[in-house]
Amino acid sequence: MNDPLPKIELLSLLFLPLAGAIVVALLGPNRQELVRRVSLGVTVVVLFLAILLAWRYVEEPVRSMTTAEQLPTFRPVFVPGSPGTITDALNRPQPNPHGTSWNLIPFGSAAIQFYIGLDGFNVWLIVLTAVLSLPSVLVSWRQINERVNEFYAWFLALQTAMMGIFLSFDIVLFYVFFEFSLVPLFFLIGIWGGPERRHAAGKFFIYTLTGSVITLLGVIGVVLACRAKSGELTFSIPRLVEIVHERLLYVPAERDYWLGVQGVVFLALMAGFAIKVPLVPFHTWLPLAHVEAPTAGSVDLAGVLLKVGAYGFLRLCVPLAPDVSLTMGLPLVSTLACIGIIYGAFCSYAQDDIKKMVAYSSVSHLGLCMLGMFALNPAGLTGSLMQMINHGLSTGAMFLLVGMLYERYHTRKISDFGGMAARLPLLGAFMVFVCLSSVGLPGLNGFIGEALSLFGVFEQQWLVQKQFPWYAIAGAAGMVLGAWYLFTMLQRVFFGELKEPPVVGHDSHEPITDLNLREILTVAPIMVLCLAIGVYPQPMLESMKPEVDSVSRIAQMARERGSPAPALSLRDDKQENRTP
Amino acid sequence: MFEIRSILWLIPALPLAAAALTGLLGPRFLRKNSHWPCILAVAGACVLSFLVLSKVVHAEAPFVERYYTWMQSGSLDIGLTLRADGLTAIMLITITFVGSLIAIFSVGYMSHEREHEAGYARFFAAMALFVFSMTLLVLGDNYIVLFAGWEGVGLCSYLLIGFWFKKPSAAAAARKAFLVTRLGDAGMIVGILLLWGGYLSTHTDTSVRPVADNLIGGLASNLTQASPADALSFDTLFRWASSTRPDDTESQLFFGTVALLLLCGAVGKSAQIPLYVWLPDAMEGPTPVSALIHAATMVTAGVYLIARSMPIFHAAPPAVLLTVASIGAATALLAALIALTQHDLKRVLAYSTISQIGYMFLALGCATTDSLVLVAVTAAIFHLFTHAFFKALLFLSAGSVMHAMGNVIDMRRFSGLRTVLPKTHWTFLCGAAALAGVPLLSGFWSKDEIIGAALEASHHAYGSVYMVLFIMALVTAGLTAFYTFRAYFLTFWGEVKIPPEAGHHAHESPPVMTIPLMILAVGAVGLGLIVQPFTHWFSHLLEHHWLHSAFARSIEPAPHGFNVPLMLGSSVFALGGVGLAWLMYVRSPALPGKLAGAMQGLYQLSLNKFHVDELYYVFFVGPVTLFASFCQVVDFLVDSVVDLVGQLPGLAGKLIRPIQNGLVQFYALAMILGLTVFLSALVLRLAR
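The listed protein sequences derive, respectively, from chains R and B.
Residue numbering for the first sequence follows my numbering, beginning at 7 and increasing consecutively.
Residue numbering for the second sequence follows my numbering, beginning at 17 and increasing consecutively.
A hint or two may mislead.
Which chain R residues stay away from chain B? Per the calculated CB distances, all over 12 angstroms, these [what the hints assert, rightly or not]:
| id | residue |
| --- | --- |
| 1 | 100 |
| 2 | 262 |
| 3 | 288 |
| 4 | 294 |
| 5 | 417 |
| 6 | 503 |
Using C-beta positions, here's what the derived DEER-type ranges look like [to be verified]:
| id | chain 1 | residue 1 | chain 2 | residue 2 | range |
| --- | --- | --- | --- | --- | --- |
| 7 | R | 39 | B | 635 | 57 to 65 angstroms |
| 8 | R | 50 | B | 662 | 35 to 43 angstroms |
| 9 | B | 180 | R | 25 | 49 to 57 angstroms |
Hints listed in this document are in silico derivations from the structure and should not be mistaken for laboratory results.
Please read all numbers here as calculations on a predicted model, not as lab measurements.
For every residue, glycine included, the Cβ atom is placed at its ideal position computed from N, Cα and C.
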């Protein structure tokens, strides 16, 4: 545990991209090839570090499992800095299990800390971020020719921001990274985007910022509420979760107070996260931002940034407001998610722009992710996490392929294309593969997330709540609808009679060729990962277990608080809802 | 000599390896030799399947082997578990044996593609992948592994129907096939969820201590005490299903719901009413594909699913089985009626496939009492087995005709081919006779078992309905004989007519194609006689190596006997159909035209497939597409609302902008007014 190496690796994982960004920015606009190479080098090293850390995490022999006697909370490992101290009620220094010695801004006895670490929730999201940054750099190689150094500088800064969101265990640090991530993407869309880029970037920035400001209220609220009741000021997420549960469990008199706090906190936090996910009806910034963003921006936006919303729900909303998550969050979020699944799919079908279609498909897929999460049981939570990763991989790959198509023809309209598989067989084959992963074909990654989520949702609604399993049915309908719009797109764009859009632009004299080696290397690793996760996901599921168990225990305790009888009396009234 | 554990996984693994090899290396390195991995792997799997059969026959209980944990979290535990019992063994042999012959045949048939190496490799990679998925489907020991194979075969079907993707009709047919079957799959997955949930809820200990208690001092307890892995595996589920009491109506209702949802999947995959519309279009694929996937194996997956889940269907109210039987009989009759007038040889065969699978569903639906379970399942699986042979034979023979005719398949454009294609003529005749149910050929025996089962079932619950279904089955038998021989006579008899597309080289196919045809022909003629009616190998295998392990209580199968009057009756229908076809298409070829003219309405209805596709378009596809456009409009509105809210700060600014008018007097006035208000408030507050 006290091995300094992983901690150094973790820090370099976080700050290497930022350092790279500064170097790239200083290199100046004229040394384009060098800028590209440096960025590529940085992303490769980051990817290596991420994989190394994930491997270390999986191998970690003394991963701190929450035992039954302990209150459920997060226990990150590889935290830089020494464990740190807090003063207890008698003003004696005590070792702090939920913090570090690296204080950023002291507040009397407590401090906003530079508290980062790895746990089962973020380890794979870190890997996902690193995995997707490599193809983003590669795909921009020829696409971005103006202000190259600035582009890569913003791009690398975005990596640091995203890593920071996932790694933070200090609530203020989390929020800082959360807000910071908007800035690089704003510039990426606003400078290198399509014709409507200014409008898109502005809308994206203001819409998500509005939500996050309300999230800040929630963040402050929960810190103050914990301080008011326990007298302890802390910004450490694990400690906050623990305090909430200590009070709920051991001080019954405060129950009403905490229910009220939870309601406010949940809604405030949700405001920012629901826009980020996005949940219908807060999704309309997404298609616009996607369509206008350069390919690398789309990949990071869909692949990683959307996960931030879901991740926020998982890391903050549910653990800090468990009772309200169950009583209000579950029906509210699940209903919105179900609407999103169906509605997103139908909107997706109606699009003529491939990128827009993929954008709406994200709404649909993340609906299932949220549905699984609010099943609030191990299967659902695991499924939700898997869905985040899988959606990142398959939608990221899809945006890459669409970008490659756009690079060749400078159009993304489905009606402009036809029979492209004959012209670009490899691109077509890759697209079919990625679509299959996206529709949840067993053996590829999508199925793992879908199956776990559906089983989790079904368990929650039918076995625990004893309701008609609407949510699972909506999820299953999403499977059909997903196949519907994706396969229609495939048929229109890649199959049938060859219909090539006229080639315009500066390189019109060059013949259109199939994927080159750089492009194959961009997408193929993602496809390999899709297959690997689909065939043997268990090591990943295993490594998520401690945190998944913590959160499902949190939810289970909330269930028991909510119902006077033991929540799991399954046998007695199993028959009640067996309506067809 | 061999551990079954070590050979079981090889059966799907060999074709998978071949698929990966061909898919990755084919276009570059294997090129014209791309067929070898596929043929070798499928043939190897075939040998192993026979080995498995020999092991199963000598085993007491089914082999079940969990290879690794696929996904496990909380109360969900899915392992990659394979099983081998009698039912699996039969399916495996059918798939791999017919599969290897078809793979060999494809070498000749796809020879045009050999120049475009990528296509050639793509074809064999997909074929191998199909055999992998199909064997996984029948080997899986839980519903999720079964579902994985189920979706896998759907994918391969999609890839192979769309093999000539440059043809818009092929691309459309591929998409249609995938989507229509997926519609059924959604129902099936809900059924699986329900079954899983039902098992967990009845097998979970209620005395689980709350988590909060554990916190204060106790041990962690799992949420459920039944092993979650059991909740999806066949053995435990079937034992649970078959041990429900007949008077337990709630459980019956539960199993009925599950069964109906599973039936959704089966109906989609096996092209039954109402989801049969994709199969005729699927004939856009290369003919070997039609033979393997859309005749012999994949489309019978639904039959396998119901046979495998028979304990669940049996635990359901009898009305569910009646539904299965009615869907089967109605599909059989409808498809046969459509097949009567089709001009496309492959479409005749496609509708005939739908019709024959309808027979199998009818058979399965007859398992209304304990004693009928074995009879029904044997009849269905026996027909599946013989059908795989004779239908694959018919399709391949049709393929051989197409090969010679330059890909023309319209029966109005060729005739009298029996002298041009003598070997194909004979093999087609064997297949046609078997399909028509000509006495003593394999189709006769298996169809007879089905009709007998229907008659048997008419003595039990819903007897009168089963009587109607029985009569429908008999009529369909006559129609089958008629349309099969209509196709045969139109193709091979009459004056020699060869379309110009065939060129001058209309000749018999090479041996690589005719030898598989001959092997299949032998099977189509003789296999039925050997394996069941006198030896009872089939029913014994199913009884000892499937029935007893599937049902928790012991089930006494009905004794096996011949129903001679029934056999004679069905022979009359079959031979009558053949005779009528001979009369109409050989003896007096003007007759069909006159008949069609006389019954123009009926004829057009059948020719246009009862307009079902158009109806679906109007009532289903159209509204759904419309709804998508509607959603887009809604999305625009939602976005407008967002933009409107975005304008609010600006509007508010506009409202109060006049205040900032730049007049110093105004500012001074405002200051004084403000100060006055503030001071008065202060004074009033203090004065109180």
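Comparing the hints with the structure gives:
no.: 1; hint: 100; verdict: 21 angstroms, holds
no.: 2; hint: 262; verdict: 18 angstroms, holds
no.: 3; hint: 288; verdict: 8 angstroms, violated
no.: 4; hint: 294; verdict: 8 angstroms, violated
no.: 5; hint: 417; verdict: 20 angstroms, holds
no.: 6; hint: 503; verdict: 6 angstroms, violated
no.: 7; hint: R:39 / B:635: 57 to 65 angstroms; verdict: 60 angstroms, holds
no.: 8; hint: R:50 / B:662: 35 to 43 angstroms; verdict: 41 angstroms, holds
no.: 9; hint: B:180 / R:25: 49 to 57 angstroms; verdict: 54 angstroms, holds
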